[in-house]
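S.K.: So the chains spell out like this:
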Amino acid sequence: MTRLQILRLVAGREVRERIRSKAFRISSGVSLAFILAVAILPSVLSDDGPTTYDVGVFGAQSDALAGRLPAVAELGGVAVDVRRLGDVAEGRRLVEAGDLDAAVGDGQVVVERELGVRLGFLVQEANRQVLGEAALAGAGVRGDVAGQALMPQPLVVRALDPESEAESDREGLVFFGTILLYGQLLGFGYWVASGVVEEKASRVVEILLAKAPPAQLLAGKVTGIGVVGLVQLVAFVVIGLAAAAAAGSVELPPETISVAAQVVGWFVLGFAFYACLFAVGGAMASRVEELQSTTTPLTFLAMGSFFAAITTGSDPSGPVAQVATFLPFSAPMVLPIRVAAGEIGLGAVLLSVAIVLVSIVGVMALAARVYAGGALHLRGQLKLRNALRSDRGGDKRSPQDERVAGTTEG
Amino acid sequence: MLELIGLTKRYGDVVALDGLSMMVGPGRIHGFVGRNGAGKTTTMRITLGLASADAGEVRWQGRPVTAADRRGFGYMPEERGLYPKMTALDQIVYFARLSGMGGPEAKTAAAAMLESIGLGERSGEPVEQLSLGNQQRCQLAAALVTSPALLVLDEPFSGLDPVGVDVLAGVLKTQVDQGTAVVYSSHQLDLVERLSDEITIIDGGRVVAAGAVAAVRRSRGVDRLKVALEGGRTAWADDLPGARVVGHEGDEVVLELLDGGDDQEVLDAARHAGRVVSFRREAPTLTELFREVVSS
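Each protein sequence line maps, in turn, to chains A and B. Taking this note's numbering, the leading residue of the first sequence gets 1, the next gets one more, and so forth. Taking this note's numbering, the leading residue of the second sequence gets 411, the next gets one more, and so forth.
In isolation and in its complexed conformation, chain B is listed as follows (with noise of 0.2 angstroms):
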């Protein structure tokens, strides 16, 4: 179990983080989204040790963590980092042992985790050789090759093609089932509603929204009203009392409620007007619930 409590950080002028925190629990996948600079890296460099925070604690199974924690971590940057020259079994071999493990273990996990990311007939080629693609998995392999209990990875998303983005999400699944703590952030937020079972959303170093990602969609805004009606028509919508619109999705208009409004008005104004092929109520989508949140 990861814990970050009341983390605060500032550079100069600026404030970071404003007393963030969060937990990730074993064999869970978290969520980590807020716009750039809201203060994602800044966290996981404070997790990793790579930044001191200014107050606030990083605990680790219940006690303040250790380098020694640290170095079991699995920690994929932003800023992706290989030796282009070195081959990839033995980039992998060298991040393994500085984490601790010994010679001819590190050597066997190398091998099969480059095996089971798909690099096993290239692992002998130096990095640089590598398509970008690749060197990605690379990377993952040389976070996962310990299995470690804590996985960070800061953007692992970014610069994947779909193939990869299925790749990676299913190595992640892996890790999970068997126990891992994963906290990754990300721009891609139907991915992130998808893989998450928790999330926590940033704004300006601050958590504004946090839970389980169905928990956090209902709590936060107005249930929607999706309607369509045969021939796409819309301007039925436009000027109900009890609701307004919000948007149009397709065919489809996607109305909130007002206080007081009733969802079965609506539908009678909807059928009033021409005939109903659709009528949904959702709670917001992460992506709309993110827009609402950051720039509340």
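Just chain A, with the same shape it has in the complex (with noise of 0.2 angstroms):
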């Protein structure tokens, strides 16, 4: 057999089992569900365009009122419905039983608890042009004069940074894509770590290891579960946006393709490292049990870099963000926020991937190590030192072991 036709065995296995398996289907099932809140829940949220506020109108300028009120509603940003009332009570009436926001005229407005910031900006503006304009005719001035004093061309807005909805879009884009990625390298990390151990609790591995070097078994296992990770990933990222875009969440930009192809192209990289470290943790475990303190150290190392990478988001030229560049296990989940931000050069992208690259060169050759050390390893943790001191995985148990083991009698 070839090493490409063990690797595959092993991982169409790896395959096979993992879609079967009940975590998986559940775990799957959390995820999407929490990818199409995120995706769905802005749009339900949000409010349907500018506020629109209900007021009435009474007494004697009401005419000048309900004229005046939509055009300083739409200076204010918000929206208003004028309702033309018989008097004072009937607006008392109304906006106590919560069919008007205010009832303005005869110098006052009635509200039910107070007058917010913007309702008041509204009630009030309309009420001094309104006076002020009966006040410049009195004194003669011509009505269009008096509206144009009363009235000027509002203020135009000169942003020295201004941030464009698209680019909002783009950083909720990335940002949503970097919580994918994180939660996809964890996850599948963490099944790597899992399916070694478990290998080594069902004594399995004996058998494995008997059949195929530890080297394309290992790789074999991180092919596998990798090639599911990423078949989720591009799921995820497909009905995610799928969903976004259909719910009217997020208009999506036209980097959107790229953003997510960096994304899953990251995710392969970012995997081959991890799930070579979780590889290194499963083996160092001999039960389900011990994976929690081996793993440890790599859940830290992979929350490190997330937050590295929520740190570039908000700064992508930062300090952190310049180191967590080239730093392997930071690189995969800071990279792609950085590129959407224009905020790296094409040669740094390049200096990272190769750093990663080499790094997945050297993590490999340690996990296929402890691998093939810690796998008949069966009782207790393994320290790393004695893994890879040995040359072959039968080697680390001792006649006294065996002496152990011995379950029958003569």
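Hints listed in this document are in silico derivations from the structure and should not be mistaken for laboratory results. Ideal placement from N, C-alpha and C gives every residue a C-beta, glycine not left out. Treat each hint with caution, since some may be false.
[Unchecked claim] Label-pair distances were calculated between CB atoms; the ranges are: (1) A:362 with B:422: 25 to 33 angstroms; (2) A:30 with B:466: 52 to 60 angstroms; (3) B:538 with A:345: 48 to 56 angstroms; (4) B:536 with A:5: 22 to 30 angstroms; (5) B:422 with A:24: 36 to 44 angstroms; (6) A:30 with B:541: 29 to 37 angstroms.
Both chains are sitting in their own frames, so use the hints and assemble them into the complex.
M.R.: Next comes the structure, spelled out in structure tokens:
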């Protein structure tokens, strides 16, 4: 059998058994529900356009107020539905019933509890303009001149560093992608660790090692689980984006495809790196219960990288971002953000990719060695140094172990 | 033909194997006997390539064993190992394919193997749902599915009920008849004596006795006399000049002849003491021999 045949055989088993497992189905369902919630909720929770106030007008100036309120509302970025009332009593009744937010006329405004800032601006400004116009008309100023004086052209806004809607959409997208990437790296990395320790705990590893070299067994396992993780990630990205677009949560910016492709591409590199480290964690434990302690340093590494990515999101060219770009464990999470923000040159990206690739080769060699050394270490947690020292798995069991393990009587 | 030549293995200061050599021919069933910690598992692991020897050589068909040879060996480790959540059939197919079989061939062979060991109807169930005895059968199927030229079985009978022992012994006989070389370890010495063509007894990593079972029994130790008198009387044997009592088995006194001792004189002494019901001269059993060689 060639190496490739063994790898495909082992990877094929991993894919089939993963997809069949209840744990995988449940975790996929939970993740999908979370993604759909993130994609759809913003559009459900966000207000549909500007706030609309229901305002009633009464009294002598009611026509003028009804005319002014919509223009003032537009200036304040809100909308208003104006209703003409017979008198203040009707206004009181409707405000009390909750049909109106406020009733204005005869120098007073009726509200339920208090006049909010925006509603206050709306009715006070309208009232000021109506009274001002009346005063100006009384002084003999023509209507259109008075109008201009009271309602001049609003100021033109010139922002020095404007945040476009597309940009904020893109940032949201990248942030979402980073969370997804982090979840997949950690989740499927843990699958690798538990897959390794399950084979040790069930002792099946001894038969496997009699059939194939440890490096190929490990490569097959990482590939198989990685393929499942990759397919799931692509599915999550496609479903998430489709749901977000359908619900109208975000306007998908033109870079969507490229951001998604980067997240997926960095998953491949990041997974290869993390999976090998998690395999080391698995090989050092001999029971599933011990995984917690052998993989904790890796969980912290991934979490630290995730926080570096969050920091990078708010400051894409800050010191954290600069350093995290060139560390193999954080680069996969930080790079998509920096590239999306346009805060990194091609040279730095290539250097970062090169660093990650070289690191992958290193951790693969380490993982294969520890896997071989730890695979037949079936009792108690293994020290990394001991796993590295042995030349082949079986050497870890001393004759004393065999004596302890003896189960039969002569 | 499997040849182990001068295998040596140390774990730190502990010598696990000390120049161990043995041979297993095709169509032969070879019992491998020794106390816990004598080096049986280490020997088997070195044979399978799971551990490396510090010195010595493993040869197969007259040349150094290769990785491809080893993939074709059937192996049942002492620590039984199966994937708990995989079905019996999938599992056997997987191991068959890892041994180098093609997909369709592996499926056919696995189904036939499970059928022959009585697991045909349960082949679709996850292994964790099978009884321990059936898991053991499944384990055996994993070792046998490719009809290997060499079978290495570490304590295959441990944990089996008498019916299971008979089933396994039958399966091994069938394999051996087809030309498979079988080497297995066991502490059930009466079983080893009954089942094996040859045996190797090791102690402290060294071979202390080896060869055909009958020859080993005869070559080592002294013949025993087993004498029973009517009424189960035994005191007559206590102070015989040419023999000493080494034990009692039911009504029988078990005696060992001393140098210059004569079995006919023992018989005369017995007849003098009463009516002799039975009188036998036997080579030591494997159990007796084992106690003798590993305690000396």
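S.K.: Evaluate each hint against the coordinates.
M.R.: A quick look at each hint next to the structure:
1. A:362 with B:422: 25 to 33 angstroms: 29 angstroms, holds
2. A:30 with B:466: 52 to 60 angstroms: Since the Cβ atoms of residue 30 (chain A) and residue 466 (chain B) sit about 55 angstroms apart, the hinted range of 52 to 60 angstroms holds.
3. B:538 with A:345: 48 to 56 angstroms: 55 angstroms, holds
4. B:536 with A:5: 22 to 30 angstroms: Check passed, 26 angstroms falls within 22 to 30 angstroms.
5. B:422 with A:24: 36 to 44 angstroms: 42 angstroms, holds
6. A:30 with B:541: 29 to 37 angstroms: The hint (29 to 37 angstroms, Cβ to Cβ) holds, given that residue 30 (chain A) and residue 541 (chain B) are roughly 35 angstroms apart.
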